[in-house]
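Quick mapping for you: the protein sequence lines, in order, are chains A and B. For the first sequence, the numbering used here assigns the number 1 to the initial residue and increments by one for each residue that follows. For the second sequence, the numbering used here assigns the number 868 to the initial residue and increments by one for each residue that follows.
It is worth saying that the hints were derived from the structure and are not from the lab. One or more of the hints may lead you astray.
[Stated by the list, open to error] Using 30 Å as the maximum straight-line C-alpha spacing, the simulated DSS-like pairs for lysine-lysine come out as follows:
1. A:K860 / A:K778
2. A:K661 / A:K44
3. B:K960 / A:K111
4. B:K960 / A:K112
5. A:K520 / A:K215
6. B:K960 / A:K793
[Said to hold, decoys possible] If you only want the chain A side, here are some residues facing chain B, beta carbon under 10 Å, derived:
7. D117
8. G257
9. I261
10. G278
11. D306
12. P462
13. W494
14. A617
15. R625
[To be verified] To list a few chain B residues with every Cβ distance to chain A over 10 Å, as calculated:
16. S889
17. N893
18. A894
19. I930
20. S936
21. D961
22. N963
23. F973
24. A992
25. K1001
Backbone N, C-alpha and C define an ideal beta-carbon position, used for all residues, glycine too.
What follows is the residue order along each chain.
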Amino acid sequence: MNEIKPPRIVERAPEGDEWIPSTCNLCYGTCSILVHKVDGVAVKIEGNPKSTVGKGRLCGKGVSGLMTHYDPNRVRVPMRRTNPEKGIGIDPGWEEISWDEALDEIAGRLKKIRAEDPRKLSIQRTTTVYTMGLPWAAFAPGFGTTNVSEGGGGLHCGNSAHQVSGLLHASWGVLPDFQYCNYALYFGASKGHAAGHNSNSNMGQAADARERGMKMVVIDPMCNFAAAKANEWVPIRVGTDAALALAMCNVLANELGTLDIPYLKAKTNGPYLIGPDGTYVRDIETNEPLVWDTKDSIAKPHNVADSEDMALEGEFEVNGVTCQPSFILLKEHLKKYTPEYAEEITTVPAENIRRLTAEFAKEARIGSTIVIDGVTLPYRPAAAIAFRGLQGHRNATFNFLAVLLLNQLVGAADVVGSCHGFNSAFDGIPETGRMGYQPKAGPDGLMEVGTWMAYDPPYPRPEPKKPEEMGLQDLFVMGMTSPFFNSKEGEELWEKLDMPYRPEMLINYGANIMMSIANKDLIAESLKKLDFIASFDLFMNETSDFVDIILPDRGYLGCYNTRPNSPYIFSHPAGMGDWSWAIQQPVVEPEGKERIFADVLIDLAERADFLSDMNAAFNAVFDLRGENRLQGDKKYSYEEICDADLKNNFGDERGLEFFKKEGVISWPKTPEEVYWRPFTDARVPIYWEWMPELGKKIQAISGPAGLDVPMEYYSALVDYLPCASHECDHDNFDFYTFYYRDTLHTNSFTMENAWLDEAAQLDPYSYNIAMNTQSGLKRGLEDGDLIQLETAKGRKVKGRVHLTQAIHPEGLGIAALCGHWAKGMPVAEGKGIFYNELLELDWENVNPVNLTLDLCSKVKVSRVEEN
Amino acid sequence: MGETPAPELEIEEDRSAVLWYSAERNAAEKPAETAESENSGTTISIDVLLFGLLSAVTTESPISLSLPSTATPLDVVAALEDRFGADSFAQIKDPNIGILTCCRLFVNGEPFEDPYAPISPDGLAGTIEMIILKGFEGG
C-alpha cells in the first residue's frame, strides 16, 4: 500500500496559498478532500488523509473536479426561455434575467399550487450529489409535496439492493468485511473497485484484502472493474444470477449440509412454524409466531422459547393444523435448483457451481470464533455480495435475496470476515451521544433498521393504499424509487388508478432526467405536459430543452453540507477503524451570478409564504433541539442552519467555524458497533411470510384498474424468474444488452469534464459497445466497426464495437449514460452510447414488487455501412 | 498487507453457537408492566402545530385540544379527525404501524417516535408538532 502523506497544515500556508478541507461530490461516494487554492483559484484537489472517508485517496473523477468547476460552458446566470415550444433539440431562446425576476416568477407559481394542492409540485434531483439533499428534504415537506425523487431512480439506484439489505443487514447495501474476509463472491457488483458508495475507501480496503490473500470470485457477464482484479471470473448469462445463487444454496443445504444451525435458530425466522396456508402459526393469546420447542415438545411463542431448543425441521400439530418450520420449507424448495438446472439457465457449468459452493462453505469456517480488541466474536471469513448489476432486472428483489441467502445459511452476516451491512449500528457522537442508532426487533421479532436513508424504513411495512404518490410507492409499498415519476407510462397508470391530481410543476436539481430514466421519447412526452419547470443546473443539458427557468448552481465547491457522510449506512467505510465526520464548505468565490442553492430555496419559501413550515421541516430533518431550533418564520441563512446542526450534535464549541477549520473529526469504532449481529436480539426473514398476502392486497387495488400483479413475484420463498428479454425468441435477436457504471464517469454527468472525457477516449470500453471476440467474428464484425443494436420493439442505438474476450458470448456491455446531444455540453456531445434509448418503461419491464426497472434487452446486431 | 492486525484465531467446532444465543439471554428480562399513571382520569391541554401538507387541513394554528392525560399521538390524530374529518389524516395513519414513520412528531421540541405512548406522562400541558417528511430515496 502506498504511504499516505501527512495532512496539509492550513495555518502554515503562505498568504494566498491554502488547503481547504471539504468533501468531493463528483459522485455520491463523498470522499473527504483538501482543495489547494492559490490567489483565489482552486488549482488542485487531493484526498484528505485526516479522514477515514477516502483515507487520503481520491479517484480520477475526484481530482478532475476542477475541470467541472472551471468549465467555460457552465451556466453562470439565471435564464428564462422565450420560445414557448418545447421539444427535443428545439431552441428555448434563452434570455438572461435577474434573480429577483426568476424567484418572483417561481414563487408566484408555488403560491398558486400550494393553495390548490401542494402535491402538484414534484421535485427531482440527481443522485450524483445525493448527499446534498438536506435543504431539499426541508423544502419539499415544508411546501407540502410528497412527490420527491431521484433523477436516475429507476436506473442507477439499487432499489431492491437497498430494500433487501435493509431487511437482512439493517443497511443500505452490503460489502465483504475486507479486513478479515478470505473468500468474497461478487454477483454483479463492483464494490471496492471504484464506483458507488464509499468508493475510494472500499478500493483501499479491497486492495489490501487482495494483497493479504482474500480470494475473490466475480460472477458477472463482463470481466471489467471487479472481475479484472479477481482470482476468478465466472461469466454468466445476463440477468440469471438468482438461478446460480439458489443452486449454490441448494448445494449448501442439501448436498453439503454445511449450515450454521445455531445462527439459523437464533437470528432468522427459520424456526417459525408455517401452517398449510403458508402463514405463521401464531400464539392464540399473544399473536406472536410460534416455534417448536424440542426440549419440552410443545409449541411456544418465538420470544418465549430458547433459540437453542427451536426445531428447524420436522412436522408438528399445533392449534389443530399441521405445520413445519419455515427453514425446512426453504430447504425443500431449494431442491429444484440443481446445479444442472442452473447450468441451463446461467451457462455456468454445474461442476463449477459445486466447486464454488464447496469453496465458499469451507472458507466460512462455521463454528469458529475470533477475538477483536478483546471481544470474542463469530468468525465467518466468507461473503457473498451483490449490487446494482444483479438487481437491475425484472426479478430484482429475489435476485438480491438469493445471493444474501448464501450468507444466512452459513451465518456469515455482520460478523468478522463476513458479508456486512455497512455501519448498521452506531453508538453516537461520543461527547453528546447524538445521532446513534441500533437495529432492533420489531413486530414478529423481525429486525428493524436503526437508521435509514428515507423516512419509511423497509420494515415494518405500511399497508398498500390506492396511490396518491406519483411514483406509486404508496401502493407498491416495498418500492423506494420509482421510474414512473416522470414518464408517459406513469401517466397511464395514474389514470387507471384514479390518482386524485396531476403534477403541474417540476423543480429539478441537477438531474438530467431526459437521459437517466429510460428512452427519451417517453420522458419528453411527460415533461411537455408540465406547466412549468425550474431547474438548478451547472450546464444546459438535454433536459434544459423543457425547462422554463434555469438557475445557476454553485456546485459542490461552493456549497455547505454538514452531513456528507451521515447517516453512516450510505457512504462511510465499513469494518474496524475510525468514524469520521467531515463537512463540505465553499472553497472558491462564486462565478457570475451563482448562488448557494439552499439559500435560494429559503428565499423561495419566504416569497411563497411557507418559511415557518420550512423552518419546522429543518427542525425535523436535523432533529434540532433547544436553542438550536429554528424559530417561527424567522429567516436564516443556510450557513446559520449548518452552524445550528453542528452545535446541536457536537456542542456549542464545535459549530461551523470549528469544522470549517478542522474539516473533519474522527474517533474509533468498537467491535460491538462493527460486528453488531451477535449482540442484537432480532431475526431476519429467510421466509417472506408476508409476501403472498401483500401481493393479494395490491392486486385488490390494482386489478380492477387493469393492472394485474403476477403473484409469482410475491412468493414467500425466493425464486429465479426470467426477464422479458429472456422470453424474446425473435430470429436473430441473440444478444443481451446490459448497462454498467463506468469507473471514469458518474451517471450522465461527467462526460462534459474534459479530463475525464480524454481518459474515456483512451479507454477502449467507455464509449464503445463491448462484444465477445468470437461472437463478433462469427458475425463478420471487426473491432471498431460501427454497429446498430435494435430491440424487438424497434428501439435502436449505434456505436462502435470493441471485440474482447472479457465478456460473455451473449452479452453486449455499454458503459455509463453517454451519447449526449445537448449543445450546452460540447465536450460530451456525441461521445459514446445513450444506453437508455433501448429501454421500455412499462409494467412488463419493472419488478412488480418494487418497480425496479429491468435494464437488459434482447437485440439484433447489424453492421452499419460507412462511406 | 497494510493495517489489519493479525487476528488471534480460535477455531473449535460450535464455539460461536453460544455467541449467537447470547443476545436473547441478555435481553431475557421482560419490561415491567407500566404502572397506571397517577394522572389517569385528568385531562391536559395540547396545542397542535401542523406543518407542510398537513397544514392544508386548517388555518387554525395552534389547534388547541383537551385530551385525557394518557393521550398518545394516535389519540391526538383521532381528535383531529373528529374535528377536521378522517380523510385529512388518512395519509399518515396505517393499521400496521399506527402513524407512518415519515410523519415526524415533536413534543415540546423533542422528537417523539412511539405513536402508542402517552405524550405527557407527567400530565402537563404540551405542544405537539407534526410534519410529513418524504426523503429522496436512491443512490
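If we take the beta carbon of S889 of chain B, is the closest beta carbon in chain A still more than 10 Å away? 6 Å, violated
For a C-alpha distance cap of 30 Å, please report whether K960 of chain B and K111 of chain A respect it. 27 Å, holds
Does G278 of chain A meet its interface restraint, that is, does its C-beta lie within less than 10 Å of any C-beta in chain B? 19 Å, violated
Assertion that I930 of chain B lies outside the chain A interface [Cβ separation over 10 Å]: 15 Å, holds
Regarding the assertion that D961 of chain B does not contact chain A, is the least Cβ-Cβ distance greater than 10 Å? 4 Å, violated
Non-interface claim for K1001 of chain B versus chain A (Cβ beyond 10 Å): 5 Å, violated
With 10 Å as the cut and Cβ atoms as the points, is I261 of chain A at the interface with chain B? 8 Å, holds
Check on N963 of chain B being off the interface with chain A, judged by Cβ distance over 10 Å: 5 Å, violated
Looking at N893 of chain B again, its CB stays over 10 Å from all of chain A? Given a closest Cβ separation of 7 Å, the condition is violated.
So, G257 of chain A near chain B? Judge it on the closest CB pair being under 10 Å. Since the shortest Cβ distance to chain B is 14 Å, the answer is violated.
Hint check: 10 Å Cβ-Cβ cutoff, P462 of chain A to chain B: Where the cut-off is 10 Å and the nearest Cβ of chain B is about 4 Å from P462 of chain A, the hint holds.
For the restraint on D117 of chain A, tell me whether the closest CB of chain B is nearer than 10 Å. 8 Å, holds
Of the numbered hints listed earlier, those contradicted by the structure are 5, 6, 8, 10, 13, 16, 17, 18, 21, 22, 23 and 25.
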